[in-house]
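Enquirer: Model the full assembly from the supplied sequences, consistent with the hints where possible.
Numbering-wise (this note's numbering), the sequence shown opens with residue 64 and increments by one.
One or more hints might be untrue.
[To be verified] BS3-like mimics (lysine-lysine), calculated; alpha carbons at most 27 Å apart, straight line:
no. : residue 1 : residue 2
1   : Lys258    : Lys386
2   : Lys360    : Lys258
3   : Lys538    : Lys386
4   : Lys381    : Lys540
5   : Lys386    : Lys540
6   : Lys538    : Lys381
7   : Lys540    : Lys464
None of these hints come from the bench; they were simulated from the model. All of these numbers come straight from a predicted model, not from anything done at the bench.
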Amino acid sequence: MSNTSSSDSSVPQATLKPEKLSFSTKLAYGAGDLGPAITANIGVFFALFFFTNVAGLSAGLAGSILMIGKIWDAINDPMVGVLSDRTKSRWGRRLPWMLYGAIPFGIFFFLQWVVPRFSADKSTNQWGLFWYYVIIAIIFNTFYTAVNLPYTALTPELTQDYDERTSLNSFRFTFSIGGSIASLILAQIIFAQLKIPVEQQYLVLAGICTVFSVLPLFWCVFGVRDRVLGYESQHLETEQPEHIPISEQLRVALSNRPFLILVGIYLFSWLGVQVTASILPYFVVNWMGLPDAEFPKVAIAVQGTALIMLFVWSAASKRFGKKAVYYMGMIVWIIAQAGLFFLQRGQIGLMYFLAVLAGFGVSAAYLIPWSMMPDVIELDELNTGQRREGIFYGFMVLLQKVGLAVGLFIVGQSLELAGFRETVPGQPTPIQPASALLAIRIAIGPLPTIALIFGLILAYFYPITREVHAEILLKLKERNSGGETD
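Expert: What follows is the structure, given as structure tokens:
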């Protein structure tokens with residue numbers, strides 16, 4: 064993951080004048096995040112539920128599949144990062160990965176939603192499905208990294224201008240959030256309007272999402288090609304990507320106390336997000352007794368609110384500070400999660416109200432930890448004289464994926480231990496025992512609430528306030544103006 068920062072920090076600024084990128088280039092770049100956003104969003108919200116309620120896997124096996132896939136996703140990041148840094152072709156370093164990885168990425172995403180039959184014996188068929196989905200998950204996550212990691216490394220190669228990079232990422236963010244919400248709207252339409260077996264509904268959803276995930280990658284490649292190749296033709300001869308040993312990366316990360324606190328804040332926040340997302344369909348369908356088509360509406364209420372609140376929290380953080388905004392968002396979210404535990408069947412309006420409240424907190428969980436990261440990096444620069452974004456961002460992404468894996472595994476194992484009854488294809492949906500329903504309520508209420516409370520406690524000890532950050536910037540400015548170099 065260090066390739067992004069190394070290319071950023073080692074670019075000779077004088078060789079390529081900062082210039083305004085065209086609207087079409089920015090649009091093409093933003094489109095490149097549509098596929099990863101759609102596939103990740105569908106996976107987080109639907110995969111566990113699909114495995115147990117459509118494919119007929121036990122909850123324990125389903126959670127294990129998702130954990131294995133996500134751990135592999137975390138492991139293959141540095142491998143693809145190094146390989147893309149060293150790639151030499153007429154398409155440059157990054158673009159070949161996206162160009163040739165796009166179609167396999169789409170194919171293996173689609174295959175995740177196929178339900179093959181291996182045996183008439185239930186146990187044999189379960190293990191056949193388990194190994195099928197494990198293999199598909201590993202291959203899919205390999206191609207996911209192959210297209211997404213080089214894509215994220217394109218920013219410093221498209222422009223070296225500070226403001227243009229901000230503008231570029233706003234296009235990416237718009238496509239990412241927009242694609243996530245659009246995928247949920249599509250799911251709601253399919254589940255509500257297509258009167259076909261549920262297995263076929265998921266295949267239709269997967270097929271449409273595959274098309275809208277693959278095509279934008281080609282749009283991105285051909286839309287940014289000239290700019291990227293122009294950059295690489297000027298810089299590849301002089302630019303030497305720095306590959307820092309894992310042991311040194313660990314030492315740097317573990318010696319930075321504010322970073323460790325921030326990692327804790329992010330992990331607990333992210334655990335709350337992922338556990339809630341993965342258990343939400345069970346809560347809506349099995350506890351609230353609503354049809355499958357109702358769940359995407361609830362998810363849209365959460366994500367739609369989160370999108371709107373991003374702009375509100377961003378403005379509020381400038382006035383009140385990041386810690387204050389994090390506290391506000393988490394407190395509202397904790398109230399929502401606690402309320403979901405006590406929700407009863409028939410309280411549909413209250414369910415949607417709590418979903419909107421949860422969106423307040425989800426938005427803060429996405430925004431604030433990542434906005435704190437540059438502050439940590441600048442403190443590290445002040446203390447060490449070096450800019451080491453790659454190390455810190457790399458660990459954040461790694462821990463994000465590990466946190467997702469752990470969260471999904473916990474949910475799956477909890478349902479299994481509570482006696483959750485998976486759906487047997489071709490048979491009526493089973494009635495869940497009281498123990499399984501209680502596990503679902505605990506997973507959507509107390510479990511995320513405890514994680515969020517731990518995040519609040521850690522936020523209290525986070526040392527970089529607005530005043531401290533201003534002092535850091537002042538000292539850096541004084542040192543740099545005095546002729547010192549990093």
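Enquirer: Now look at each hint and say whether the structure bears it out.
Expert: For each hint, the structure was consulted:
A C-alpha spacing of about 48 Å is found between lysine 258 and lysine 386, which places the hinted pair above 27 Å, so the restraint is violated. About 18 Å separates the Cα atoms of lysine 360 and lysine 258, which keeps this hinted pair within 27 Å; it holds. Simply put, lysine 538 and lysine 386 have alpha-carbon atoms about 22 Å apart, close enough for the 27 Å limit, and the pair holds. Distance restraint check for lysine 381 and lysine 540: the Cα-Cα separation of roughly 21 Å lies within the 27 Å cut-off, and the hinted pair is therefore satisfied.
The suggested pairing of lysine 386 with lysine 540 holds, with an alpha-carbon distance near 24 Å, which does not exceed 27 Å. Proximity of lysine 538 to lysine 381 is assessed by CA-CA distance (about 21 Å); at most 27 Å being required, the pair is judged to hold. Taking the CA atoms of lysine 540 and lysine 464, the gap is about 35 Å. The hint is violated against a cut of 27 Å.
Hint violations for this structure: numbers 1, 7, all remaining hints satisfied.
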